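Engineer: Using the hints provided, position chain B relative to the given structure of chain A.
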Amino acid sequence: MQGSAVDTSDAMMGVAQESAAHPEEHPDHRVFGLILFLVAESMIFAGLFSAYLAFRLVAPEWPPAGTPELEVLLPGVNTLILISSSFVIHQADSAIKKNDVAAMQRWFGITAAMGAVFLVGQLYEYSHLEFGLTTNLFASTFYALTGFHGLHVFVGILLMLAVLWRSRQANHYSKEEYFGIEAAELYWHFVDVVWIILFLLLYIL
Amino acid sequence: MTQTELKATPASSPPPHGHGETRKWTDYFTFCTDHKVIGIQYLVTAFVFYMIGGAFATAMRTELATPDPDFVTPDVYNGLLTLHGTVMLFLWIVPAGAGLANYLIPLMIGARDMAFPKLNAIAFWMIPPSGILLLSSYFFEPPSAGWTSYPPLSLTTGQLGEGIWIMSILVGGTASILGAINFLTTILRMRVPSMPLTSMPLFCWSMLATSFLILVSTPVLAGALILLAFDLLAGTNFFNPTGGGNPIVYQHMFWFYSHPAVYIFVLPLFGAISDVIPVHARKPIFGYRAIAYSSLAISFLGLIVWAHHMFTSGTPPWMRMFFMITTMVIAVPTGVKVFGWVATLWRGKIAYTSAMLFALGFIATFLIGGISGVMLAAVPFDIHVHDTYFVVAHFHYVLFGGAVFGVYMAVYHWFPKMTGRMMNEFWGRIHFVLTFVGMNLTFMPMHELGMRGMNRRIALYDPQFTDLNVVATVGSYILAVSTIPFIINAVWSWLYGPEAPANPWRALTLEWQTTSPPMIENFEELPVLKTGPYDYGLGYIPDRDPPELYGEEVPA
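If you're matching them up, the sequences are chains A and B in order. FYI, the numbering for the first sequence is 1 to 205, going by the working numbering. FYI, the numbering for the second sequence is 206 to 761, going by the working numbering.
Take every hint as true, because none was put in to throw you off.
Per label pair, the in silico range of CB-to-CB distance:
#1 B:588 x A:56: 25 to 35 Å
#2 B:361 x A:66: 25 to 35 Å
#3 B:327 x A:154: 18 to 28 Å
In silico lysine-lysine, DSSO-like type, Cα no more than 30 Å apart, as pairs:
#4 B:554 x B:735
#5 B:323 x A:97
#6 B:229 x B:323
#7 A:175 x A:97
#8 A:175 x A:98
#9 B:323 x A:175
Pulled a few chain A residues facing chain B out of the computed Cβ check, cut under 10 Å:
#10 27
#11 32
#12 36
#13 42
#14 46
#15 48
#16 58
#17 134
#18 136
#19 137
#20 148
By construction, these hints were calculated from the structure, which means they are not laboratory data. Model, not experiment: these values are computed from the prediction. We treat Cβ as the ideally placed atom computed from N, Cα and C, and that holds for glycine.
Here chain A stands alone, though its shape is the one from the complex (with noise of 0.2 Å):
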């Protein structure tokens, strides 16, 4: 090594001793990772509102005519239990942080019965819905926001089913290792703010 003051085999016989008396420290950088990924993630979300902001602005009339007014209450009603989810996961958070596992898992159980609550709603809705995915170019993008945020919304609870299933195994999570209960929440806020926006536009404005 130019310019070290240290032989070399000193330093290399140093390193063996460190790792044999105390293995090096690996930083966790996945919740850094997360969020970059979640920054990715959005701007798919950022680029597809866009787009349906620019199909509305230069259409002459929008909803094109003859489209069927969307129904409110249901998709209200489903509004709401995803942003209450959010509260509930975020007790799971506090729980784990207590090292109360059986809490975390109720909560998470919890959460994912309402995230698949509100699965069964938009599908409910989607069959109920005078319009198909080819009807017109509002129909089209209908289908392929809330489609798109559908799946986000699976992901969710898949991640969610698989921290309980892992949870199964004791110590698996504690209040020093709970890196896969923060994921699931981050991203399950993350749905949730997106499905703000999105109700926003397609139902409301």
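Structural biologist: Below, chain B without anything else, positioned relative to chain A:
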């Protein structure tokens, strides 16, 4: 550490895992999480695709040697054109940049690996499927709407191939995003404690800017391609005007990625050249901070210039004005960099190594491409030469001049570190001369052709353009030949080249402070910064500097 402490080490302690071992050649074909293996995997894969894309280009130039479509049919030509563009951009330049970044970032910042090694390997192993998918489309029904894939053209020609094309880009784009997450986390969180951001090698700064661009813009392309896939496969009409859709929205979304993408292609090489020039000119880099921050300025401005690709798409005048101004402004941070490189060369002790020659070729050709870029930013001129060979000349000067010269430069410079062997300098110079001459012969006449109104992307042309096209075709053959000395040199040197010392160029950045090739996990013990990355010829001041600083003065 003293001898007594050494003896105190228990005899039963396990041998230092990984340290001092070297890689077997078979490791390069496995799902290996070592960033150095992944870096070389990326580079070699990218180079294979470069050869394939180059073969497409040579076939196209052969076709264009005469005005009539006599070598291939226009349909085949359209397929070649689309695959040439897509392969070169998504499977050559992007993976080549990712390969350099993977290999160099952890070494340069004194880390043992990337932040997420497994994710890193996953990202790499998405590239070969993406490439195979894309190339396979040629045998079914080649996509023939160009690498831009504008609807409605892309919805009506080569639909099967178009679907495969979309799939391939989505896979490659995902790999790119995963890579960017890794680079950002590694650079921001894993530097050795003694290295603040402002002591990083400039390559790391440029990768910071590149990764930010990838992270922000690639997902938008994914969104556009998903909608395009719906149009193609599910019969929706997002972008199809006959069904009430709006093709301009696709163009906006596409260029929101694809303009920043040119900075994604070239910024890593901006960083690499900033690291190569000071070493071979034995001078500190001129304006470290200016070059570092201009990368960030480019990546920010790069996000707000996209519509200059759309001046003929019926864009409203205010939008043309806005994008014309931002496009001209982005030449400023780029010019700052070029100024910094030239000022570093000024009165330096320039060693004309192959790496330095390619660096000089990079600056010269990139500058020409940059100047024609400013010309194209002006709306009236752009409308005049839109879709002519002038545009082809411009972006090949930027991409060939920037990216290809840059990658060759980086390979000549870091080859001793990567393989532990020196490359042959004589054949390196032959390679440079052939590349430089071939490149200018191929693309310089295209400026004139474009000004005279020859349309791009068409297999046949009017006879008055023949002479200059023949020149360009001859140039492209020289370019094709120029890769032969490089391949032989690289393969031969890797196997039989003279063994490289740890620091053959007497460089100061951290990657040269370990063995060549670096041991598994990079460093015996994590290095401590003792100098700035470019303190060449500054000397060692006995009263101020610690004695182990350089051992001796770093020769200028």
